[in-house]
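Top to bottom, those sequences are chains F, X, E and Z.
Taking my numbering, the leading residue of the first sequence gets 1, the next gets one more, and so forth.
Taking my numbering, the leading residue of the second sequence gets 666, the next gets one more, and so forth.
Taking my numbering, the leading residue of the third sequence gets 834, the next gets one more, and so forth.
Taking my numbering, the leading residue of the fourth sequence gets 1029, the next gets one more, and so forth.
Just so you know, the hints here were simulated from the structure itself, not pulled from any lab data.
Please note that the accuracy of each hint is not assured.
[Said to hold, decoys possible] Looking from chain X toward chain F, a few residues come up when the C-beta cut is under 8 Å (computed):
#  : residue
1  : T669
2  : V673
3  : V712
4  : L718
5  : A720
6  : P735
7  : A759
8  : G762
9  : A783
10 : A794
It should be emphasised that the depicted structure is a prediction, and the values quoted were computed from it without experimental measurement.
Think of the CB as a built atom: it goes at the ideal place given N, C-alpha and C, for glycine as much as any other residue.
One-letter residues, chain by chain:
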Amino acid sequence: MTERVGVYVCHCGSNIAGTVDVADVARWAGEQANVAIARDYKFMCSSLGQELIAADIREKGLTRVVVAACSPHMHEKTFRNTCAQAGLNPYLFEMANIREHDSWATKDREAATLKAKALVKGAIERVVHHQPLEPLPVFINPNTLVVGGGIAGITAALELANAGHHVYLVEREPSIGGRMAQLDKTFPTLDCAACILTPRMVEVGQHEHITLFTYSEVEQVSGYVGNFTVTVRKRARHVDESLCTGCGICEEKCPKRVIDEGFGAGLGYRKAIYRPFPQAVPKYPVIDVANCTFFQRGKCKACQIVCPTGAINYDQQDEVLQIQVGNIILATGHVLFDPRRIPQYGYGRLANVFTSLEFERMVNAAGPTEGKIVLRDGVTPPRSVAIVHCVGSRDQNYHEYCSKVCCMYSLKFAHLIHERVPDAEVYNFYIDMRTPGKGYEEFYHRLLREGTHFVRGRVAEVTDAARLPGEEGKLIVQVEDTLIGKQRRIPVDMVILSPAMEAHADSREIAQRFGLGCDFNGFFTERHPKLDPVATMTEGLFIAGTCQGPKDIPESVTQGAAAAARVAGLIKQGTVMMEPVRAHIEEALCSGCRICNTLCPYNAIVFHADRGVSEVVTALCQGCGTCVAACPSQAITGAHFTNQQIMAEIEGVLWDVRPAELVEA
Amino acid sequence: MENTFEPVIVGFLCNWCSYRAADLAGTARIHYAPNLRPIRVMCSGRVEPQHVLAALRAGADGVMIAGCHPGECHYVEGNLKTMRRFYLLRRLLAQWGIEEERVQLVWASASEGNILAAAVDRMTEQVRALGPLRWQQQVLGADGQPSPAPLSREESAHAVAERAEMLP
Amino acid sequence: MATAAAVSAAPTVSFFEEVIAATPGDPRLELCLQCGTCGGSCPSGPDMDHTPRALFAMIAAGMKEAVLRSNTPWYCVSCYYCIVRCPQEIHITDVMYALKRMAIKEGFYRESKASEAPEFSRTFIDYVDNYGRSFELGLATRYHLRYHPLDAVKMAPMAIDLFRRGRMDLTPKQIKGIGQLKAILARAKELGGAV
Amino acid sequence: MNYHYYPGCSLERNASAYHQSTMAVAKTLGLQFMEVPDWNCCGATEYFSIDLLTAYALVGRNLALAAQQPGSDQLVAPCSACFLNLTKTDRYMADSPELAEKINLALAAGGLHYDSGSLRVRHLLDVVVNDVGYDAVAARVTNPLKGLRVAPYYGCLIVRPGYREAFDDPEYPTTLDKLMRALGAEVVDYPMKAHCCGGHMTQISQPVALDLIHRLLKSAADYEADLIVTLCPMCQLNLDAYQDNVNQMFKTDFHLPVLYFTQLMGLAFGLKARDLGIGKELVSARLALAKIGVETTAEKPSPKPRSKNDLPMPRMPGEG
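Please construct the entire structure, taking both the sequences and the accompanying hints into account.
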């Protein structure tokens, strides 16, 4: 096996040269078998560095190239293109990672140089066995699946649909709108959430390029970028959508009233057959089977009787359908931290302690109190209100992270209280007032001007145990006002808690179903936190909005549009080049033992009973190599990771400790 | 006399998790023992027992296989297959008298540079304490008498005989 | 309290590191966000010269004398509200015990408002060192007579009530293994040495 | 079920009622308590303020003596302060090997040794609630404490420090509440049940301590409790002995007897009051206990009728 290998050792400024003796490594590499030329250069990834390689390939007839520099995740693509442009198949190239894995990981110059030589030798011995490969073109299905109908999902769907691509939007709740639909005003402009959101929702509802599945969930996903097969379960609404006009009489006449734990955040009531809110899209109501008297005890068909178009159908069944899409955007949103986990704040025990979501429903004109701010008795307006920041956020016992938006909406609450209960005293208890957005700090100054009492200190407890005069019958907020260094007890009538943003309880299952990772808190893991926040490790799978982490509405919209742009890019390409790293079964060697069949998580290996052999469906194979390793008769080879290449690399990296008699084998 | 033996450990790092963890350790300038010589594989499921044995035979004093945490494998369940093969392989190595600490399986996700670095440091110290492997004498009994494996006399004789036919 | 001269740059071994070393385990003091949860939770917070939070800021600023003169550690009733609620899981109560020990070692406690507190502890310990168990009557009388003679008179009715109900011993009881205990405590003092 | 038993100095005299009733109730519940031979004081909150290692060595002797005694790997301490010091020492010995080594060096001077983790330190309430269980307790109740309004007082040390896996919520504990309900008593859910009684502050700065005690008494009184039940000699002493100091200082007229939970268990099991140390409390419980002697007909305060525009309350976990 004689090849003409070019070895290029990069200084990377001082990043590598600072610890590894690059000149010595290059000199040493020059003396190795099969090496035609070995150079070291300040910046191999620079255009001059790349030119060095291209020139050597052309002039010295190199048949293999090894670059010892940074991690392949950084510049493998760069150098593969260099080889391709110089006429050498890009897969006849190998990188040795002597920066992240070597020079940056130790101060010991001698050991680092020795390790660099071992990695270079491993690369040389490996690259000699490389075969030319061509990337596989894969057709991109122009349809896209968007999971989650919040503001991020809606934005992504509309951006793609308006570009003429078809979108399937799947939403778990009876209506799209997500968390934003529950809000009243939005900071810092005090736009009414419904006013700016509903037009978008209507646009989604009527868009010819969007198929909307609400009250539905994705049950199963298979395939790969460009060719995903998605199974969607459309739960039975027990209302025939083709007949229902959305008149709402059924909701009016339904005798069964229950607490609205979903959209109403537990503060309002709704009927057993209901629409979450008046502007719901789609407009069809849903029967809550768990609370509907007919489904529980077989009596009362009130809704069916009053329905003018006979749309109520009690024996409607779930529908399970399969759709083919090229890309998937996950925008599944978040939930709120349950303050009952902090007993000393009294939520659930002390009547007049509310969560932020409960207060949003209260101040909403369509809410249970038509926008009037009142105590839990539903009648008396509060004379003093305490708004508590950082409930469950910035706390090792619950969530260490800052939830980003609570300071701002807590300011918004203060404003709404000043506006609707003018003589009420309002206290905000904060650790740091975080106003990072456009117009955010100005909004804070507006609240200072409106006379809000800002106390810097994290609330220690909320109690009804009065101690001093004037505390009887009140909720007492005990806190240290850290700016005066004194403990204070502030009696108020109402307390609003601003809880942390949390990942959905089932976010890990969703991640597993779609094949992407979750971080420690259950938020989805992006491909790169700074440079690639909307993509994931899996090609063709994107994320947007608060499912990736706490963020405000502008950011969620931005990410929705960004994800849509990435998908539109892939659709425009029509085909995408997939890594040729695939498995292949040599039919002559295959004994038909079928061990590999069940191993493959992508069901990419089929068994031909007639010929008694298995075969890998190249398109489905993701190139993990598990079957290659398991095949007892070594009938399966993994392109670019063949046994021969790996064995050669093993012997290469151990060049300095290899026993003599093995060398000539 | 302070033990100056520098063990050589071959590391099979999976492209999506442990290889990126090692990258992150470097980017964060976490210094750890330079004794590990990484080899990139697409998934820890690609590593065959044959590769581990080849590395030990080629002079490595230890082998570390590092993959994604169970449930986080980029290929859904490649690492679970690794786990199965690993425990079987370790029983085989024990029969040849190779200490358990010499071949280790470690989980490290892409964000756990520090965990991988700590695992490399820990394994380096363990193998340093065990001393060089000297596969020839240890397994092949190259210098005549059978390897001083902790097996009974008959078992080792049987093992030696069995090994004799196996090798070319 | 001496007028606080401008706080100079941190001396060699900073007071901050000294406090951390004196506290068992890893107190995590450097993680303090100055959020005030401890100050807000402390039952005797209002009566302290400085809230625990303020004290931590002063420790970080190296204000050793001001910290060790403060009555805060002595007013700590060790009810552990602060430890359980601290968002950074700082071992606040252990730090308070460490500050008490440092205050005694440096002798600063004499100027703090709660200057008799260590004497109460020391009196309590004398009985434990010599008899192996605490002796309430002896502790109360010796401590009060020396520091609060008036209070001793006020305490009398309660003492009589307790005695009448058989809840007050007149003489201390010694444990059998007192020699063994003394040997252990002596060896510990040798080993302990530092705070 | 047998346990090593560490009574602690208070239970010898000041809290002998607690010791008496514990022994009586233990017999009924089939709990074997083997007192740790020649145990010494745990140093309460005093020793740790003076010298760290000596304080650990002092507690270490008790742990070593208990570990030597055969028959159980669990050590029960009825007093909260002793329970805290025993757990804290065991935990810190486990957390830092150098400290453990130093402590064992000191113990060696007395021929003793202790390996951290070899004993599981338990508070008496934890044993009754988790090892015996509410049902087993309820099964032995012969005269339920019907009509007696009881304010369960946990104090701070058994629910809070977090040095070991807590057996109850540090902020809103409920085990003592449930135990009292198992005895048939009516439990008053007052907010101060886990606040501190001041500990030794009564000696260091009495006004501060009396303020703390006043808060507890006022809260229990506001919720019309007949008596306070507690599980720590220090809390009992502070609430009971200083009640008239509080009355003088705050011009209040509290008359709230303070008993141990084991005394109430004894009464519910039909044991004689004298054997349970009833009568040793300064604020007499005679009046309150008379209530359970007599079937009370006082109807319970009916809950406020719900008006139609009442906003719904969030459900507490565990409610229907």
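How the hints compare with the structure:
no. : hint : verdict
1   : T669 : 12 Å, violated
2   : V673 : 5 Å, holds
3   : V712 : 6 Å, holds
4   : L718 : 10 Å, violated
5   : A720 : 5 Å, holds
6   : P735 : 11 Å, violated
7   : A759 : 21 Å, violated
8   : G762 : 18 Å, violated
9   : A783 : 13 Å, violated
10  : A794 : 18 Å, violated
When held up to the earlier numbered hints, the structure conflicts with 1, 4, 6, 7, 8, 9 and 10 and fits the remainder.
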